[in-house]
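Visitor: Residue numbers (my numbering), protein chains in the order written: chain A, 261 to 401; chain B, 1208 to 1324.
FYI, nobody ran anything at the bench for these hints, they're computed from the structure.
From the three backbone atoms N, C-alpha and C, an ideal C-beta is built for every residue, glycine too.
Do not rely on the hints blindly, as some may be mistaken.
[Unchecked claim] Some chain B residues near chain A, calculated using beta-carbon distances under 10 Å:
#1 Leu-1233
#2 Ala-1238
#3 Leu-1240
#4 Lys-1241
#5 Ile-1247
#6 Phe-1259
#7 Thr-1289
#8 Ile-1291
#9 Val-1301
#10 Lys-1303
#11 Ala-1308
#12 Leu-1313
#13 Ala-1314
#14 Cys-1318
#15 Gly-1322
#16 Gly-1323
[Stated by the list, open to error] Rough simulated footprint, nothing fancy, chain B against chain A, three-plus residues with beta-carbon under 8 Å:
#17 333 to 342
#18 351 to 361
#19 377 to 385
[As the list claims (entries may be wrong)] Each pair of labels, with its calculated beta carbon distance range:
#20 A/Phe-339 with B/Val-1267: 32 to 40 Å
#21 B/His-1298 with A/Arg-400: 14 to 22 Å
#22 B/Asn-1242 with A/Tyr-279: 20 to 28 Å
#23 A/Leu-329 with B/Phe-1297: 33 to 41 Å
#24 A/Tyr-370 with B/His-1210: 32 to 40 Å
#25 A/His-307 with B/Lys-1241: 43 to 51 Å
#26 A/Phe-297 with B/Leu-1275: 16 to 24 Å
#27 B/Ile-1295 with A/Gly-323: 45 to 53 Å
#28 B/Arg-1245 with A/Leu-328: 24 to 32 Å
#29 A/Thr-375 with B/Arg-1245: 44 to 52 Å
#30 A/Ala-335 with B/Ala-1238: 18 to 26 Å
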Amino acid sequence: MSSPTHTSTAGSGRINPVYLVLGCTVFAAAAQVLMKFGAMYKMPELHPADMASVIGFVSALLGNWQLLLGYTMHACNAFLLILALRDGELSMLYPIIALTYVWVNLLSMYFFHDTLNWWKGCGIVLVIGGVSLLGIASRRK
Amino acid sequence: MNHTPLSSILLVLSGTVIGSFGAVFLKLGSAPLKNGLRYILNWKLAAGVGLFVGSSVPFVMGLRHGELSVLYPMAAMTNVWTMIWSKIFFHEPVTKAKVGALGLILAGIVCIGLGGS
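Starting from the given sequences, assemble the full structure and let the hints guide the process.
Guide: Structure follows, in structure tokens:
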């Protein structure tokens, strides 16, 4: 069950799987931010035995565009990950997903005014360093 | 909350194991796609997505009673299991670069977890 590395895609017109996983991380981060916004959306109470409350809840859910867009972004993330795994090594590609932590922290600073402390800054640098190392290693293959 | 119960740690760790098998099944299910995107509907991909979604259940249960700064970095253990399964099931080489990168990423996630506590 050995899998080819990304270099096997050379000349096939396929996108480098490392870039696909980088795209995954952007979609995943956007999904998390959107779902956070969606979670702040005021939803009516749900009483499963009461059809009117179920209809009200479902219509409110369908009106929660941030939540729906968040789920859509998660689906895009999964699709890109599957395409990446088709052509690349799991052990090379999967850790790159950790870059999502970096985007989420940066987006949280912008959208939710979260603060960046020393630990978070250090963590972001280390994650970027690790992902960069994987990127360099994948090019050398 | 001053401490994290062992049950929460075990729940989160079990979530990481389930999630890592989700990645394995996604990899297995992605192989038929080399013959075209029409093969996207296969049981291995469905199992992979199912395991990923299922892994969130013990994770959320574990988070209810534990400290996020302890449990959040533990979620990164999925990366470790995935590297082990990649070696066992797909015979992928475990290179120094991969191990070094994984170490940096895990350290980074621990730092981010500490920064969020």
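Visitor: None of the hints should be skipped; say for each whether it holds.
Guide: Evaluation of the provided hints:
Hint status for B/Leu-1233: holds, given a least beta-carbon distance of 6 Å to chain A, under 10 Å. Because the closest C-beta pair between B/Ala-1238 and chain A is about 7 Å apart, less than 10 Å, the hint holds. Annotation: B/Leu-1240 was flagged as interfacial toward chain A, and the flag holds, the nearest CB pair being 5 Å apart, inside 10 Å. Among the interface hints, the one on B/Lys-1241 holds; its C-beta lies about 6 Å from the nearest C-beta in chain A, closer than the 10 Å criterion.
The criterion of a C-beta within 10 Å of any C-beta in chain A is met by B/Ile-1247, whose closest approach is roughly 7 Å, and the hint holds. For B/Phe-1259, the shortest C-beta to C-beta distance to chain A is roughly 8 Å, which falls under 10 Å, so the interface hint holds. The beta carbon of B/Thr-1289 comes within 5 Å of a beta carbon in chain A, closer than 10 Å, and the hint placing it at the interface holds. Interface hint at B/Ile-1291: satisfied, since its Cβ lies 9 Å from the closest Cβ of chain A, which is below the 10 Å cut-off.
Hint status for B/Val-1301 relative to chain A: holds, with the closest Cβ pair at about 7 Å, below 10 Å. The beta carbon of B/Lys-1303 comes within 9 Å of a beta carbon in chain A, closer than 10 Å, and the hint placing it at the interface holds. Because the beta carbon of B/Ala-1308 sits about 4 Å from the nearest beta carbon in chain A, less than 10 Å, this interface hint is met. At a threshold of 10 Å, the smallest CB-CB gap from B/Leu-1313 to chain A is about 8 Å, leaving the interface hint in force.
The criterion of a C-beta within 10 Å of any C-beta in chain A is met by B/Ala-1314, whose closest approach is roughly 5 Å, and the hint holds. Against a cut-off of 10 Å between C-beta atoms, the interface hint on B/Cys-1318 holds, since the closest Cβ of chain A lies about 3 Å away. Here the hint on B/Gly-1322 is kept, as its CB sits about 3 Å from the closest CB of chain A, short of 10 Å. Checking B/Gly-1323 against chain A: minimum C-beta separation of about 7 Å stays under 10 Å; hint holds.
Remark: the stretch 333 to 342 of chain A is confirmed as covered by chain B, as 3 of its residues place a Cβ nearer than 8 Å to a Cβ of that chain, reaching the required three. Figure legend: the stretch 351 to 361 of chain A, annotated as covered by chain B; annotation consistent (6 residues with Cβ-Cβ distances under 8 Å, at least 3 required). Only when three residues or more bring their CB closer than 8 Å to a CB of chain B does the claim for the stretch 377 to 385 of chain A stand; here the count is 9, and the claim holds. Evaluation of the 32 to 40 Å hint for A/Phe-339 and B/Val-1267 yields a failure: the beta carbon distance comes to about 24 Å.
At roughly 19 Å, the beta-carbon separation of B/His-1298 and A/Arg-400 lies within the given 14 to 22 Å, and the hint holds. Hint check: B/Asn-1242 to A/Tyr-279, Cβ distance near 22 Å, so the stated range 20 to 28 Å holds. A/Leu-329 and B/Phe-1297 have their C-beta atoms about 34 Å apart, which keeps the hinted 33 to 41 Å range intact. Taking 32 to 40 Å as the suggested C-beta distance range, the pair A/Tyr-370 and B/His-1210 conforms, at roughly 34 Å.
The hint said 43 to 51 Å for the Cβ distance between A/His-307 and B/Lys-1241, and at roughly 49 Å that hint holds. Restraint check, A/Phe-297 to B/Leu-1275: a C-beta distance of roughly 20 Å satisfies the suggested window 16 to 24 Å. For B/Ile-1295 and A/Gly-323, the hinted distance range of 45 to 53 Å is satisfied, since their beta carbons lie about 47 Å from each other. The beta-carbon spacing between B/Arg-1245 and A/Leu-328, approximately 27 Å, falls within the hinted interval of 24 to 32 Å.
The beta-carbon spacing between A/Thr-375 and B/Arg-1245, approximately 48 Å, falls within the hinted interval of 44 to 52 Å. Checked against the hint of 18 to 26 Å, the C-beta distance between A/Ala-335 and B/Ala-1238 comes to roughly 21 Å, which is consistent with it.
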